[in-house]
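Trainee: From first to last, the protein sequence lines stand for chains P and U. Residues in the first sequence are numbered consecutively from 5, following the working numbering. Residues in the second sequence are numbered consecutively from -1, following the working numbering.
Incorrect hints may appear among the rest.
In silico lysine to aspartate or glutamate, EDC-like type, Cα no more than 16 Å apart, as pairs [to be verified]: (1) U:Lys297 - P:Asp101; (2) U:Lys297 - P:Asp103; (3) P:Lys165 - P:Glu132; (4) P:Lys211 - P:Glu200; (5) P:Lys165 - P:Glu17; (6) U:Lys183 - U:Asp201.
FYI, nobody ran anything at the bench for these hints, they're computed from the structure.
Below are the chains, spelled out letter by letter.
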Amino acid sequence: MEFGPHLMLASLEGAVISAILVLTAMGLSIVFGVMRIVNVAHGEFFMLGAVLAWYITTFLGGHPALGFGVALIVAPLLVGCSAAFADRAILKRINYDPDRTIVATIGMLYIIQQTTLMTFGPEARPVEAPFNHRLSLPWFEFGENGFVMTWPWGLSTTSYKLFVIIAALTVLIGLWLFLTRTKIGLIMRATQQDSEMAQAFGVPVGKVYSWVFGLGAGLAALGAVLVVPIQQAHYLMGHDPLLLAFIVVIIGGLGSLPGTVIAALLIGMSDGIISVFFSPTLAKIIATFLVAMVLVFRPQGLLGKTVP
Amino acid sequence: MTSSAKSNLLHFGMLAGLVILFFILPIYHVGVLSRVMVMAIYAMGFNLLFGYTGLLSLGHAMFFAAGMYGFGLAIKFGGFPVPAAFVVGLMSAALLALVVGLLALRTAGVAFMIVTLMFAQTAYLVVLYFGKYTRGDEGFILQQAERSLFGLDLTSETGRYFTAFTLFAVCFIALAKLVQTPFGKRLVAIRENEERARMLGYDAGRYKLYALIVSGTVSGLAGVSYALLFGYIGATFSTVQYSIFPLLWVLLGGAGTTIGPFIGVLFMFYLIDISSGYTNAYMLIAGVVLVLLTVFAPKGIAGTLKARAFPWLP
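With the sequences and hints as input, model every part of the structure.
Mentor: Structure below.
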């Protein structure tokens, strides 16, 4: 394959990574924005979504689309509810103190991860995609005979990958409408701006926090259900998404939602493209180091306004 | 008896107790205790930064690994004698702490935690990237002949126990004294109220950097000791998990106390030792302990004892 088609393939992979990343990072960003806490267990909620998707599809059996459709709705709901419960049971008791929350969520990380290891086991398990047609993609070239369309060998994607991109976009638009057009969204934004003032105006801040924590975890789980037909479910799979989501949220500016979207695109695309052309470990080293540097020299991120 | 006399008595009594334990404990527990003492050095290094200066680093594994790899690679590829490699290990940890400190201390709070986490992750990936020398996750082994210190056989339980004890005792007494000096008091002042310490004329940024360098070097010493005594060097020791462990130990034992780190390591080692007899998911215990601690006993064992019964506890 030549460079052009190769790059197109890499960008498509990057777009899929971005789509998953934007959902995961959005969950982390909303939680940070509204509650001002860093949720280290976020990656485990992601993993939980994937594992639940495997349980649901295996339990239901039948056509893969049936189980997947149910998992797409049930898994994020279950994960969201358990996260909201964890918020009530643990985080509320420590008053959302930033330092202690980090320690508590590290504890939650190990509890979720190791419980999964004990029940789900150490194997990676696949979930079948609801549909998976191979789509060849055309490539346009300006050669001697003028403008021609060719079908280079190997330049193809699957219908499922396109579905992931479209689904992520849909969820993102839905989330934006939810936050800007509904009353619950308004309450969330009020809490984000000034929680004490919101409380003075009768906003049940404690409940809002639980909702937000559940919503954040649910978004991560949704991303995981979407990714699980491409990548298998495994009890350690939450580690990389957590780190990437952190990177995205920091680069985008802690708590800034538009910044998060832009950064997710940037990181996802460059991750897809760099790991096709260079060594993935080197790419990760450079990315991680650069992000730390961004935080050191521009702590407010690309679009952030206030220093955290 | 004054409280400083009481704390001296406690410190030396504890060290004497460790010597006596060697003679009365079965061989298995002697081995566990040597490991506990090495890890307690790591926890004490972390405690200086977290417990006394109030800076929560989530990347201390990079200092541990810097000491470990500085020592191991100097022997393996540099052909250094053990004492020289020992110094190389300490120097690499100190140098890394200086560089990380200069960069990471520009941030504070949550950003500081994430920056240190990111730096540690970079360090871990660097170890993997140079897998040709470091052997990555698999790690490499230092043979007995390569790590005998002044003719001492460090593969025997006796040699190992007393080397670990000596290193532990030196760090323990030195750090206990350090936090009583004006320097130590200034660190506590920064922890309690950085604005106020600055207003009183102390250069808070410089003291935080010093604290990070000392803390990183002591953590590096723990890494060197581990490689010296147990002869294994692997990338596992630079993973996030090994940055979380000292936090767990110090929180459990009691942050900002001299004996807390040792108590925390001892408690956690036996907790995992006993629970791994029942399940391979022993980190579950660590998770539950962390959550319970943050909710019910944020001061840890020694901290709670100090608040409830023994106000003189150092």
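Trainee: All hints, please: hold or fail.
Mentor: Okay, the hints, checked on the actual structure:
1. Simply put, Lys297 (chain U) and Asp101 (chain P) have alpha-carbon atoms about 14 Å apart, close enough for the 16 Å limit, and the pair holds.
2. Taking the CA atoms of Lys297 (chain U) and Asp103 (chain P), the gap is about 13 Å. The hint holds against a cut of 16 Å.
3. Of the supplied pair hints, the one linking Lys165 (chain P) and Glu132 (chain P) holds, its CA atoms being roughly 13 Å apart against a limit of 16 Å.
4. Of the pairs offered as hints, the one joining Lys211 (chain P) and Glu200 (chain P) holds, with about 14 Å between alpha carbons and a cut-off of 16 Å not exceeded.
5. Taking the CA atoms of Lys165 (chain P) and Glu17 (chain P), the gap is near 9 Å; set against the 16 Å cutoff, the hint holds.
6. In summary, the hint linking Lys183 (chain U) to Asp201 (chain U) is supported, as the alpha carbons are separated by about 13 Å, within the 16 Å threshold.
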